[in-house]
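Colleague: If you want the building blocks of each chain, they are given just below.
Number of protein chains: 2
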Amino acid sequence: MSSSPCVSHHHQVRLRLPAPAAASFAPPALRGRRRVARATMSAEAPLGVAPAAAAEGARTPAQQALLAEMVEEAAVWCAVNGLVVGDRANQRSGTVPGVGLVHAPFSLLPARFPASFWKQACELAPIFNELVDRVSLDGEFLQAALSRTKQVDEFTAKLLEIHEKMMAINKKEDIRLGLHRSDYMLDSETNSLLQIELNTISSSFPGLGSLVSELHRTLLNQYGKVLGLDPKRIPQNWAATQFAEALGKAWAEYNNDSAVVLMVVQPEERNIDGRTVAVVYFRAGYAPTDYPSEAEWRARLLMEQSSAVKCPSISYHLVGTKKIQQELAKPNVLERFLDNKEDIAKLRKSFAGLWSLDNEEIVKSAIEKPDLFVLKPQREGGGNNIYGQDLRDTLIKLQKEQGESLAAYILMQRIFPKASLTPLVRGGDWFEDLTISELGIYGAYLRNKDKVILNNQSGYLMRTKVSSSNEGGVAAGFAVLDSVLLTDEGKVWIAYRITDNDNGADGTVML
Amino acid sequence: MSSSPCVSHHHQVRLRLPAPAAASFAPPALRGRRRVARATMSAEAPLGVAPAAAAEGARTPAQQALLAEMVEEAAVWCAVNGLVVGDRANQRSGTVPGVGLVHAPFSLLPARFPASFWKQACELAPIFNELVDRVSLDGEFLQAALSRTKQVDEFTAKLLEIHEKMMAINKKEDIRLGLHRSDYMLDSETNSLLQIELNTISSSFPGLGSLVSELHRTLLNQYGKVLGLDPKRIPQNWAATQFAEALGKAWAEYNNDSAVVLMVVQPEERNIDGRTVAVVYFRAGYAPTDYPSEAEWRARLLMEQSSAVKCPSISYHLVGTKKIQQELAKPNVLERFLDNKEDIAKLRKSFAGLWSLDNEEIVKSAIEKPDLFVLKPQREGGGNNIYGQDLRDTLIKLQKEQGESLAAYILMQRIFPKASLTPLVRGGDWFEDLTISELGIYGAYLRNKDKVILNNQSGYLMRTKVSSSNEGGVAAGFAVLDSVLLTDEGKVWIAYRITDNDNGADGTVML
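Those sequence lines, one after another, are chains E and B.
Residues 1 to 511 in the working numbering are what the first sequence lists, from first letter to last.
Residues 1 to 511 in the working numbering are what the second sequence lists, from first letter to last.
Hints were generated in silico from the structure; no laboratory data involved.
Do not take every clue at face value.
Any copy will do: because identical chains look the same in the list, a pair fits if it lies in one copy or spans two.
The calculated DSBU-like cross-link candidates involving lysine-lysine, where the alpha carbons are at most 35 Å apart (straight line), are [said to hold, decoys possible]:
id	residue 1	residue 2
1	Lys232	Lys249
2	Lys249	Lys225
3	Lys369	Lys349
Only a predicted model underlies this, so the values are computations on that prediction, with no experimental measurement involved.
Chain E on its own, in the form it takes in the complex (with noise of 0.2 Å):
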């Protein structure tokens, strides 16, 4: 037999079906499976945009006919290839593992995004990967940066208990390991590529993520010169193996052949069978949520007092909220944590602008011009930013308030992402929209004691979402997981995915 056991698809054929035909040849079946759902344009979309229907209109039979054949083919490759997630419309889904599974939402051809930016942030990886080993590394930078917030914000303050704790009986960790997510956006102001934030407990989508890129990378193979797009340009992803290959090494420092690792889906307190424990990674824990009782911090803070290594510590947790974000952003505060000059200078050019509400002049600014702020609350877990006119009334309440309520927030300078059209798929339907892009880079660090084995930029994560909606990560509203197509261009995005402008219409906006 010639086979190998490694199922590459290098060495499978390739079944092609018959091109899409004309309608009067295609079958019953087939003509009833093509449920292609349109959105119009979103009401909440800025004026002087060309309306995505003229846009759409510029297909051409054949195109629109070829986009449905690469609809199936993509979702029949996600079923195939576990690029799934529980579809909520099926009530056992998220409880039973293995039921009521659906295709990811995915944009059907990645986001073209320019060569340079992307050298730029995967650079940044592993200067982010030592920054938050060194800043978690001074216990009293962080609970005094943290000290206002503790006041306002419940959770914060426990995490902080956690880390007080720590302190007090001076708890050393000499095996150290991050996995970490910093996500990106492209402003199209200043034509920078500036942070959203740094995650660095529960970095999500490592898996579905590099499966994205597959699927794109074997869509362009097929389709990719029809669309005149080169499937080499999308970046390889191997987020998953990365984060799995650190877990092992990590596992491999704690040197123990007998230990486990312990991936915590939910902090609870539970026999493990007197199993010594090398590695403790949290999928979970980031979220208020996930501590409904006190149970739940009894068992945090025993694993913390535990001598495994922890994905993250309560340190590296800590150097991952919004306020130390804001804080490192502040004058001559990165030169207290490294050293080289070069490192400091990538960082700071990727950082937005971030302001604490002490800051009365930033506030001043921003009830004044609101569309160019965005009102962060300190707390994990997205959906709560606050923008445009309601940043604005926020602002004016608390000023009045003038109590500690002001340390919940944190003002981060508004950033303009260009917009472009997009195929999107979603339970098998699938639509144009304006969509914009966050790219997220995954990091990995790992050291024992000085001994720095692990300092790597990790993969990627691109999540687009239609540009209508503020807010919102891929399991919640409309948004879609996606990977990156390099191009040469020095400006952020372009208009179309597919080059399509014969007819003149451009789908380019500003937010």
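Given the structure of chain E, go ahead and fit chain B onto it with the hints provided.
Modeller: Using the frame of chain E, we list chain B on its own:
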């Protein structure tokens, strides 16, 4: 970056959940998650059998918890590795790709199978491959053998009509590709491996079958030690890759770089944009329902007339009919096609008794002892075999009619597999029941004129069904996908998959 692009399970870190804890420690989410359905003994199960409930009682709570943990891990594995099927409960599944998915039904542990019978079945594959090819070249034999069948079965008549047209124009197929699956059961009466049927068109489940072997290997790598089961005893199963490679090699033999492989999911006349087809791979066309109108028959004829490699050709298709199986089982018929006496002896050893209803003596025996026979209709698709009292009644009725309808059936020796108590997983729930198993061995054959390019055993499929069910593919009724655990026993089956016989409960049962 040190990762390889090929994500292998050897490189992956196993993330272990804590061992199942006492109920009081389990979090509410997990308690709710383990919805365990337990089937009581099927009403149709034979008397004198230890009821499943008794055996189930034999499991300690720790064993039950272990199985529940394995079920959960297995279901997650299915979701992320593409071991999924359409959920019948979801109306859109089956029409819209990528939606309404659920893990394929599977047995939690591989079926024990004596290594000697396994070896025998594997050795038969290249011999059957060769036999199919030889018989396919004898058009007169096929027409003569099926001449009575075509008078009672319109479907076979239609196939023969195409075959006749090809004979009339003296159509030769230089490149011949066969992707077969020969199905066997172990008969406890004769302690022998007996062929059920040989599939020469659209041999199903090479993809899911390979995955189940990988699932079982993954589970035994993790739990094999505590279960006393060695993962190395699960034979490698690369059926999907091997079938794909065979298709690729057939495409290469066709020797036209711009030609495509066409997968037929419904025979149809369709515009393929002038592209040349190198290989036609039928994943449909074996059942009368695949041809709702004359248009589909015209498409089948068109494909047969083309120069493309057909997998299968009309001749290969006809060789797979039950009537030809029965003809080949007659004395001196194999000798007409094969020279090697050892090969002939091996094939014959695997033949169950097969008779046409012309054989009055056998019909008389079957009326007297209906439980020793199965009455099989000619047509493909399953679900219509006749057993027991129904068999007796049908034979008596057919005898009275004495018409051509006798030719619509063949009689087959009934095979008596032993049953074993097996944990089955379906729709996220698990239960145990007595089951019997059927082993399918895939074979790939490719030749170009006198040159045999491939003649291999190409993986396997184990299907396991609740023993009260006389019939049923994996998709219909209570059957699950399974794999093989080789044992050294010379005898067929053993009672339990997990040895757990302390209380003397014995699930062995004869059907």
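Colleague: Run every hint past the structure and note whether it holds.
Modeller: Verification of the supplied hints:
1. Lys232 / Lys249: both (30 Å within a copy, 26 Å between copies)
2. Lys249 / Lys225: The answer is between: 24 Å across copies meets 35 Å, while 41 Å in one copy does not.
3. Lys369 / Lys349: This pair counts as within: shortest intra-copy Cα distance 23 Å, inter-copy 88 Å.
The structure agrees with every numbered hint stated previously.
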